[in-house]
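Protein sequences appear in the order of chains A and B. For the first sequence, the positions run 1 to 167 when the numbering used here is used. For the second sequence, the positions run 1001 to 1327 when the numbering used here is used.
For the record, the hints were derived by calculation from the structure and aren't laboratory data. Among these hints, one or two may not hold up.
List of simulated lysine to aspartate or glutamate pairs, EDC-like, C-alpha gap at most 20 angstroms [claimed, not checked]: (1) B/Lys1039 - A/Glu43; (2) A/Lys69 - A/Glu90; (3) B/Lys1039 - A/Asp55; (4) B/Lys1039 - B/Glu1133; (5) A/Lys69 - B/Asp1081; (6) A/Lys69 - A/Glu130; (7) B/Lys1235 - A/Asp137; (8) A/Lys69 - A/Glu85; (9) B/Lys1235 - B/Glu1323; (10) A/Lys69 - A/Glu138; (11) A/Lys19 - B/Asp1005; (12) A/Lys19 - A/Asp67; (13) B/Lys1235 - A/Glu141; (14) B/Lys1235 - A/Glu138.
Partner residues aside, some chain B positions facing chain A, computed with beta carbon under 10 angstroms [stated by the list, open to error]: (15) Asp1005; (16) Leu1048; (17) Glu1060; (18) Thr1062; (19) Arg1063; (20) Leu1103; (21) Ala1124; (22) Val1231; (23) Tyr1237; (24) Phe1308.
This structure is a prediction, so every number in the text was calculated from the model and none was measured. Beta carbons are placed, not taken as given, at the ideal position from N, Cα and C, and that holds for glycine.
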Amino acid sequence: MRVGAERLFAMAVEEHAIKLRVNGTAHALRVAPWTSLLDLLRETIGVTGPKKGCDHGQCGACTVLADGKRINSCLTLAVMRDGAEITTIEGLATGEELHPIQEAFIECDASQCGYCTPGQICSAVGLIAEGHARTPDEIRELMSGNICRCGAYPNIIAAIQRAQGGR
Amino acid sequence: MNPFDYSRAGTLTEAVVAAAREPTASFVAGGTNLVDLMKANVARPTRLIDLSRLPLARIEETRAGGLRLGALVTNADTAYDPRVAARYPLVTQAILAGASPQLRNVATNGGNLLQRTRCHYFYAPATACNKREPGSGCAAREGQNRMHAILGASEHCVAVHPSDFCVALAALEAVIHVTGADGDRAIPFEEFHRLPGDTPERDNVLVAGDVITAIELPPNAFQANSYYLKVRDRKSYAFALISVAAALEMDGGIVRAVRLAMGGVAHKPWRRREAEAVLVGRAPDAEQLGRAADVLLEGAEPLEHNAFKPTLARRAIVRALTEAARS
Chain A
1 MRVGAERLFA MAVEEHAIKL RVNGTAHALR VAPWTSLLDL LRETIGVTGP
51 KKGCDHGQCG ACTVLADGKR INSCLTLAVM RDGAEITTIE GLATGEELHP
101 IQEAFIECDA SQCGYCTPGQ ICSAVGLIAE GHARTPDEIR ELMSGNICRC
151 GAYPNIIAAI QRAQGGR
Chain B
1001 MNPFDYSRAG TLTEAVVAAA REPTASFVAG GTNLVDLMKA NVARPTRLID
1051 LSRLPLARIE ETRAGGLRLG ALVTNADTAY DPRVAARYPL VTQAILAGAS
1101 PQLRNVATNG GNLLQRTRCH YFYAPATACN KREPGSGCAA REGQNRMHAI
1151 LGASEHCVAV HPSDFCVALA ALEAVIHVTG ADGDRAIPFE EFHRLPGDTP
1201 ERDNVLVAGD VITAIELPPN AFQANSYYLK VRDRKSYAFA LISVAAALEM
1251 DGGIVRAVRL AMGGVAHKPW RRREAEAVLV GRAPDAEQLG RAADVLLEGA
1301 EPLEHNAFKP TLARRAIVRA LTEAARS
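Chain A extracted, bound-state conformation:
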């Protein structure tokens, strides 16, 4: 989306002032209407944990938490999220102390190449907060928005169960 011609055109199109809190830090920004939340995070704010996999909401690598809910940041226009609290993989740990799901992903060896992992972990945080998945089948179904092309799924399911205190 950030091609040169569009950047030039941006000078003619009105940019919009928005406020976002990203991982606890307040940002006041001016954005072009077509800037996705994902591009804003990665290119302007410099938070590169959320990945641009498909850019069409199909792979889940861009998953972040917006006001506590997991969403595809690639299909969300930044201007529409004015006032939101965004949490990415970078915002989950408390200082040196990892989030329980991050710990569980390490314990269960739940990543291989790692590209999908920030999205998987943010999605898992959302899933646990939603509280609708208990069994492995339910976890599989409610993690279906996150693709892992290495096929680390069994260990991802194990990590989520572990973080839920299942074993």
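Keeping the supplied structure of chain A fixed, place chain B upon it in accordance with the hints.
This is chain B only, laid out in the frame that chain A set:
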């Protein structure tokens, strides 16, 4: 994505007026389909009018004893609402059969009704598509048409409507509440979406400036015996090859009332009252269910790559009704 302007509607009236002033503008709510279509250069609005802050995000009781689902309630909040889950389990099942949790957390009820077909050719601007570019032809009719329509199609378009939620809403005879330039109106669900005919660019009967404000669910007695069956290429996060919403009201072993709607077969959720009439006053045995399926599928015309659909559809209808009868 093409450049565009953006404005946030403060009131419903403001939204309707803004759309009337700029006919090439689009409303946006969740944006999960529209933003994607804009990236693909299929939708090219000059302005997005953001409805997402309007006060249409509540689920309320109706005087008739039903529920009114605000247009801006997300699909997730609708599916997991305890009143919806208890009184309209078909809605919960259908919504949770579609998309992914991330998408359902953002996609709205109004937007679900207005999502566009996922026909590959509609999404590929280099190909002919009468829905995207009226008069350009239909590449799907002679192309890869495994996912496409077997009922109600026209020479101009064989696309199917992609929504699961809408199949349940068709079965439940929902009413769509709309506010437009001429005021408010209520549209029965079966009149909301269109068959393609020779104007496949129009998915539904809305006109520019119309805003969906709510989906009304009338009261019913289908809670104990309803079932949503979705058949697809993988177990989760895929569009339907065939889906069936079946709802029965049983009296002993006899069908007192029944609703039956299908997805994945036509340009809109497919329903025929004649198919339902077959079952009323009878025991839902295999023979009667098969007869109802045959009536619902009468006139089916498969394409080159979806010759399996009528058989699959017949079996899916029988299975969904069987599950509904026993649940």
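Each hint tested on the structure:
no.: 1; hint: B/Lys1039 - A/Glu43; in the structure: holds (18 angstroms)
no.: 2; hint: A/Lys69 - A/Glu90; in the structure: holds (16 angstroms)
no.: 3; hint: B/Lys1039 - A/Asp55; in the structure: holds (9 angstroms)
no.: 4; hint: B/Lys1039 - B/Glu1133; in the structure: holds (17 angstroms)
no.: 5; hint: A/Lys69 - B/Asp1081; in the structure: holds (16 angstroms)
no.: 6; hint: A/Lys69 - A/Glu130; in the structure: holds (8 angstroms)
no.: 7; hint: B/Lys1235 - A/Asp137; in the structure: holds (11 angstroms)
no.: 8; hint: A/Lys69 - A/Glu85; in the structure: holds (10 angstroms)
no.: 9; hint: B/Lys1235 - B/Glu1323; in the structure: holds (18 angstroms)
no.: 10; hint: A/Lys69 - A/Glu138; in the structure: holds (18 angstroms)
no.: 11; hint: A/Lys19 - B/Asp1005; in the structure: holds (19 angstroms)
no.: 12; hint: A/Lys19 - A/Asp67; in the structure: holds (13 angstroms)
no.: 13; hint: B/Lys1235 - A/Glu141; in the structure: holds (8 angstroms)
no.: 14; hint: B/Lys1235 - A/Glu138; in the structure: holds (12 angstroms)
no.: 15; hint: Asp1005; in the structure: holds (6 angstroms)
no.: 16; hint: Leu1048; in the structure: holds (7 angstroms)
no.: 17; hint: Glu1060; in the structure: violated (22 angstroms)
no.: 18; hint: Thr1062; in the structure: violated (27 angstroms)
no.: 19; hint: Arg1063; in the structure: violated (32 angstroms)
no.: 20; hint: Leu1103; in the structure: holds (6 angstroms)
no.: 21; hint: Ala1124; in the structure: violated (13 angstroms)
no.: 22; hint: Val1231; in the structure: violated (16 angstroms)
no.: 23; hint: Tyr1237; in the structure: holds (4 angstroms)
no.: 24; hint: Phe1308; in the structure: violated (24 angstroms)
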